[in-house]
Amino acid sequence: MLVDSPPEQRAETAPAPPTRRAVRAFGLLVSVAVLVLVALASIAIGAKGLSPEQVWHGLFQDTGTYGDVVVDERLSRTVLGLLAGAALGLSGAVLQALTRNPLADPGLLGINAGASAAVVTAITYFGVTSLSGYVWFAFVGAAAVGALVWFLGGSRGATPVRLALAGTAISAALYGYLQAVMITDDAALGKMRFWTVGSLASATDSTILQVLPFLAAGTLLALGLARPLNAVAMGDDTAKALGADLNRTRALSMLAATVLCGAATAACGPIAFVGLMVPHAVRSFTGPDLRWILPYATVLSPVLLLGADVIGRVVARPSELQVGVITALIGGPVFIYLVRRRRTAQL
Amino acid sequence: MSGSANPYTSRSTVNRLSAENVTLAYDQRVIAEQLSVEIPDNSFTVIVGPNACGKSTLLRALSRMLRPSQGRVLLDGQVIQSMPAKKVARTLGLLPQSSIAPDGITVADLVGRGRYPHQGLLRQWSAEDERVVQESMARTGVAGLAERYVDELSGGQRQRVWIAMALAQQTPLLLLDEPTTYLDIQHQIDVLDLCAELHEEQGRTLVAVLHDLNHAARYATHLIALREGRVVAEGAPKDIVTAELVEEVFGLRCQVIDDPETGTPLVVPAARTARARVAATEAS
Amino acid sequence: MKTTRVLRTPGGLSLRLDVRAVTVVVLLLLAALAASVVLIGTGDFPIPAGDVVRTLLGDGNAGQEFIVRELRLPRVLVGLLVGASLGLGGALFQAVTRNPLGSPDVLGLGQGATAGALTMIVLFSGSAAQVTVGALVGGLVTGLAIYLLAWKRGVHGYRLVLVGIGVSAVVTAVNGYLLTISDLVDAARAVVWMTGSLNGRDWDQVWPLLALCAVLVPLVLANARGLRMMEMGDDVSDALGVRVERVRALLMVAAVLLVATATAAAGPVSFVALTAPQLARRLTRSPGPNLLPSLCMGAALLVTADWASQRLFGADQLPVGVVTGVLGGVYLLWLLVTERKAGRI
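Chains as they are written, first to last, in this note's numbering: chain W, 3 to 349; chain V, 654 to 937; chain H, 80 to 424.
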């Protein structure tokens with residue numbers, strides 16, 4: 003089992019000392035401030051750079067100037083980035099807690115691939131064209147793969163290696179299916195090759211409105227699970243001894259992770275590693291208490307996603323690198339670093 | 654004898670296996686520095702000490718699983734790392750703590766794998782191999798299980814099978830890393846009795862790491878007590894196991910009496926009042 | 080179930096044969112040959128099996144001679160060699176990682192080769208030969224990167240697996256990006272390549288594969304006994320006198336070469352490397368890496384799958400990778416469930 007820092011586990015049975023709590027609360031405020039800055043940067047930076055005044059004008063005194071139109075476009079992209087980032091980070095944090103596996107990530111566990119395969123099926127074979135139509139397919143796909151991985155990994159003795167392998171193998175199979183669809187259908191290929199990378203570029207207000215209810219519900223549900231998930235972190239037997247309702251917690255956690263990840267994938271395509279990296283970084287600051295990890299992940303994940311999106315707009319001008327590519331390029335090395343850092347005995 | 658930090662003094666004959674001033678470390682974590690140990694030939698040597706004192710690490714170094722960052726381990730006068738792997742494997746066997754039985758392997762097949770260092774591409778299974786495997790299984794009492802699958806066996810039976818595999822290697826030296834862990838008390842004694850027989854009847858040199866000080870005192874002919882990577886004492890158990898030594902090595906108040914069965918030293922931990930007194934004196 | 084036979088010569092030489100494994104190897108070889116003959120006879124111009132055999136033995140009419148010798152035989156040979164390489168490479172990977180899912184296509188080798196090939200297709204509009212070279216380089220570089228990144232006082236199976244997964248995820252994203260910047264014609268060509276296909280393979284692909292197999296297969300088989308010992312953990316095999324790191328490095332290099340070359344020749348045909356060793360193991364019912372049975376199983380599988388794809392979808396309609404992908408995916412699910420029950424994944 004990979005456990006980050008077992009000794010610190012004790013910290014959460016006793017209430018944290020007031021100073022520590024104050025530090026964490028202050029840190030959360032700072033994180034929110036950083037998020038606001040990154041969001042503004044995401045509006046200002048792009049193929050055409052905008053000055054702070056133009057951003058201000060576009061946001062609060064919209065009179066239809068060219069700058070205002072650009073702000074409008076980038077605003078929906080930024081808002082989608084905020085929502086999707088929070089969703090991916092939260093679902094990653096919940097999955098890591100639920101599987102007691104610090105390498106869990108909706109992308110690595112194949113949940114993204116499940117949603118992708120279902121969406122592609124919906125578009126190609128069922129003629130579904132609207133996001134509100136295929137978001138349901140995304141849920142079904144994400145839930146099916148999530149259930150399978152849970153079935154494989156929820157059992158005793160499942161190691162992070164097993165889970166990651168099962169997820170990767172399932173992803174490989176599903177991507178094979180996607181390829182088969184793309185081979186037989188040039189139109190599908192034309193659309194799908196952009197969608198399967200994971201991008202915020204196609205965001206519109208209607209996209210946001212369609213996934214917003216799901217994301218909001220999922221976020222609330224996930225945040226409410228912090229306390230029971232803290233008990234699950236102590237191991238099944240201990241959690242039972244502490245009086246936690248294991249099955250309910252698991253079912254609700256999977257539901258929350260599936261809804262969050264499915265909706266985010268339906269809106270932006272599969273984006274990996276956000277759910278892996280942010281909870282890790284957060285945990286090194288907050289310790290293992292999910293009551294802090296989850297809010298932090300909610301705030302900081304969009305920072306990463308929007309930051310990656312901004313980088314992607316800048317590095318390959320005049321075209322742009324999709325955010326899914328950037329997160330993979332950052333996340334892969336982080337993942338390998340995490341793997342290398344761990345001692346043999348812990349796996 | 655007690656506290657002889659330098660084992661070189663007045664040794665006339667050279668033993669087959671020894672460690673000379675070795676420094677042992679995992680990455681940056683140093684477990685032992687400048688440690689020197691001799692394994693007397695034809696002894697049943699047991700290494701004891703508290704958790705994390707470096708006893709398993711020392712055994713890994715002696716069996717060339719761990720390369721010392723300084724110093725050297727000598728086998729028959731040669732640096733062990735410089736010798737051909739198969740040659741070492743015909744002289745020195747190791748039963749590690751963690752070993753994996755391949756899925757669906759039978760007892761006879763697993764024991765047969767101990768013959769690897771005696772085989773080659775064109776000498777895959779000689780009549781001698783067959784005979785040694787049969788003998789090793791008979792010796793350890795698993796001949797009746799030969800065609801059973803290893804997965805189906807109990808913990809005690811499985812440990813016997815692994816010992817049989819190490820025996821089939823036919824090495825004059827055999828190193829065992831905590832061979833009694835995870836076993837019930839009757840299987841622990843069973844395995845240790847087997848080790849004692851191997852030592853007495855076949856004259857093999859055995860080196861074992863054991864957790865239980867009383868088992869060590871009863872079975873060992875030569876005891877090495879480690880604390881924090883240093884040899885605190887070595888010698889025959891009845892010469893060195895005293896209440897003072899136990900307190901020095903384990904920090905445990907105790908009496909040492911004669912084992913009513915064998916006459917070897919038997920450590921009886923002090924009652925709680927005595928421990929409370931120790932704690933009080935340590936605190937002040 | 081004592082099926083082992085020992086052959087001994089008076090000179091002290093001895094060979095140990097697992098009768099069941101030998102039988103399996105012979106049957107799989109026969110199956111692969113039979114499937115090859117049927118596959119050569121399949122296509123827009125069907126040839127009866129008897130004529131195929133006669134033509135192969137140098138006794139057919141001129142028209143059939145041309146079709147068989149120049150068009151279909153090289154394709155079938157590429158199929159056999161690619162299948163054999165993938166089967167053997169997969170068995171090596173699974174033995175080294177000690178995990179039935181630790182196959183090269185899961186660990187990113189296929190993705191790496193794809194990245195090389197896509198670079199050639201998308202950025203340089205390369206010829207078929209250039210794509211092959213690109214794939215070979217991509218596969219080898221990825222294999223080397225995974226090995227080096229996983230190295231830390233030796234390479235442990237689990238670290239190899241996880242590092243492979245990380246590398247695989249990164250390279251997958253890069254491949255997706257390359258697809259988005261290509262025009263639709265190149266993208267279509269790239270997707271076909273990414274699926275794995277034997278269409279249009281000729282003698283140019285046969286020779287390098289054959290040469291590599293001729294060198295590597297004996298080398299690997301000679302080290303099989305060490306690999307068999309390594310199943311019991313590094314400590315035990317070390318104690319038995321196996322140079323664990325050296326054997327592992329050697330076999331990994333061989334496996335990467337086999338898989339990269341096979342992928343360069345036919346694209347990343349999915350799941351052959353994953354399923355062939357598992358199926359072989361179920362047939363031989365013996366522990367151990369089952370290298371030779373896996374090799375034969377890979378060859379038989381790929382040729383049979385190619386034949387199935389031609390029969391089901393018509394000649395050259397769908398590449399063989401679609402068939403292995405679908406079959407492999409189903410098998411994978413079954414494997415995940417049963418292996419989980421046995422606690423082995």
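Hints listed in this document are in silico derivations from the structure and should not be mistaken for laboratory results. We treat Cβ as the ideally placed atom computed from N, Cα and C, and that holds for glycine. One or more of the hints may lead you astray.
As a list, the in silico SDA-like pairs of lysine to any residue whose alpha-carbon atoms are at most 20 Å apart [stated by the list, open to error]:
1. V:891 / V:909
2. H:231 / V:674
3. V:891 / V:911
4. V:739 / H:92
5. V:740 / V:686
6. V:891 / V:871
7. V:740 / H:231
8. H:231 / W:342
9. V:740 / V:759
10. V:739 / H:304
11. V:739 / H:310
12. H:231 / V:681
13. V:739 / H:231
14. V:739 / H:329
15. V:739 / H:303
16. W:193 / W:123
17. H:231 / V:682
18. V:891 / V:881
19. W:242 / W:291
20. V:740 / H:326
21. V:740 / V:781
22. H:231 / V:678
23. V:740 / V:682
24. V:739 / V:771
25. W:50 / W:319
26. V:740 / H:325
27. W:50 / W:316
Pair ranges (Cβ atoms, derived) [claimed, not checked]:
28. H:202 / V:732: 19 to 29 Å
29. W:240 / V:804: 53 to 63 Å
30. H:390 / W:226: 51 to 61 Å
We went through each hint and held it up to the structure:
Restraint check for residue 891 (chain V) and residue 909 (chain V): the C-alpha separation of about 10 Å stays at or below 20 Å, so the hint holds. About 26 Å separates the Cα atoms of residue 231 (chain H) and residue 674 (chain V), which puts this hinted pair outside 20 Å; it is violated. Between residue 891 (chain V) and residue 911 (chain V), the direct Cα distance comes to roughly 9 Å. Compliance with the 20 Å bound is thereby established for this hinted pair. The hinted pair formed by residue 739 (chain V) and residue 92 (chain H) meets the criterion: a straight-line CA distance of about 19 Å does not exceed 20 Å.
Pair hint residue 740 (chain V) plus residue 686 (chain V) does not hold up; C-alpha atoms about 28 Å apart against a cutoff of 20 Å. A distance of roughly 9 Å separates the Cα atoms of residue 891 (chain V) and residue 871 (chain V); the hinted pair therefore holds under the 20 Å criterion. Among the hinted pairs, residue 740 (chain V) with residue 231 (chain H) is inconsistent with the structure: their alpha-carbon atoms are about 27 Å apart, more than 20 Å. Between the alpha carbons of residue 231 (chain H) and residue 342 (chain W) the distance comes to roughly 8 Å, so the proposed pair stays at or under 20 Å and holds.
Restraint check for residue 740 (chain V) and residue 759 (chain V): not satisfied, since their Cα atoms lie roughly 27 Å apart, outside the 20 Å limit. Between residue 739 (chain V) and residue 304 (chain H) the CA atoms are separated by roughly 13 Å; this keeps the pair inside 20 Å, and the hint holds. The suggested pairing of residue 739 (chain V) with residue 310 (chain H) holds, with an alpha-carbon distance near 18 Å, which does not exceed 20 Å. For the proposed pair residue 231 (chain H) and residue 681 (chain V), the alpha carbon gap of about 13 Å is at most 20 Å, so the pair holds.
At most 20 Å may separate the alpha-carbon atoms for a hinted pair to count; residue 739 (chain V) and residue 231 (chain H) exceed this at roughly 25 Å. At most 20 Å may separate the alpha-carbon atoms for a hinted pair to count; residue 739 (chain V) and residue 329 (chain H) meet this at roughly 18 Å. Of the pairs offered as hints, the one joining residue 739 (chain V) and residue 303 (chain H) holds, with about 16 Å between alpha carbons and a cut-off of 20 Å not exceeded. About 13 Å separates the Cα atoms of residue 193 (chain W) and residue 123 (chain W), which keeps this hinted pair within 20 Å; it holds.
Our distance criterion of 20 Å between C-alpha atoms is met by residue 231 (chain H) and residue 682 (chain V), whose separation comes to about 15 Å. Between the alpha carbons of residue 891 (chain V) and residue 881 (chain V) the distance comes to roughly 23 Å, so the proposed pair goes past 20 Å and is violated. Annotation: proposed proximity of residue 242 (chain W) to residue 291 (chain W) holds, straight-line Cα distance about 18 Å (limit 20 Å). A C-alpha spacing of about 17 Å is found between residue 740 (chain V) and residue 326 (chain H), which places the hinted pair at or below 20 Å, so the restraint holds.
Under the criterion of a C-alpha separation no larger than 20 Å, the hint pairing residue 740 (chain V) with residue 781 (chain V) is consistent with the structure, at around 18 Å. With a C-alpha separation of about 15 Å, the suggested pair residue 231 (chain H) and residue 678 (chain V) falls inside the 20 Å cut-off, and the hint holds. Proposed proximity of residue 740 (chain V) and residue 682 (chain V) is contradicted: the alpha carbons are some 31 Å apart, above 20 Å. Annotation: proposed proximity of residue 739 (chain V) to residue 771 (chain V) holds, straight-line Cα distance about 8 Å (limit 20 Å).
About 10 Å separates the Cα atoms of residue 50 (chain W) and residue 319 (chain W), which keeps this hinted pair within 20 Å; it holds. A C-alpha spacing of about 17 Å is found between residue 740 (chain V) and residue 325 (chain H), which places the hinted pair at or below 20 Å, so the restraint holds. The suggested pairing of residue 50 (chain W) with residue 316 (chain W) holds, with an alpha-carbon distance near 10 Å, which does not exceed 20 Å. A beta carbon spacing of about 54 Å between residue 202 (chain H) and residue 732 (chain V) contradicts the range 19 to 29 Å that was offered as a hint.
At about 29 Å, the CB distance of residue 240 (chain W) to residue 804 (chain V) disagrees with the hint of 53 to 63 Å. Taking the beta carbon of each, residue 390 (chain H) and residue 226 (chain W) are about 55 Å apart, inside 51 to 61 Å as hinted.
Violated hints, listed in ascending order, are 2, 5, 7, 9, 13, 18, 23, 28, 29; each of the other numbered hints is respected by the structure.
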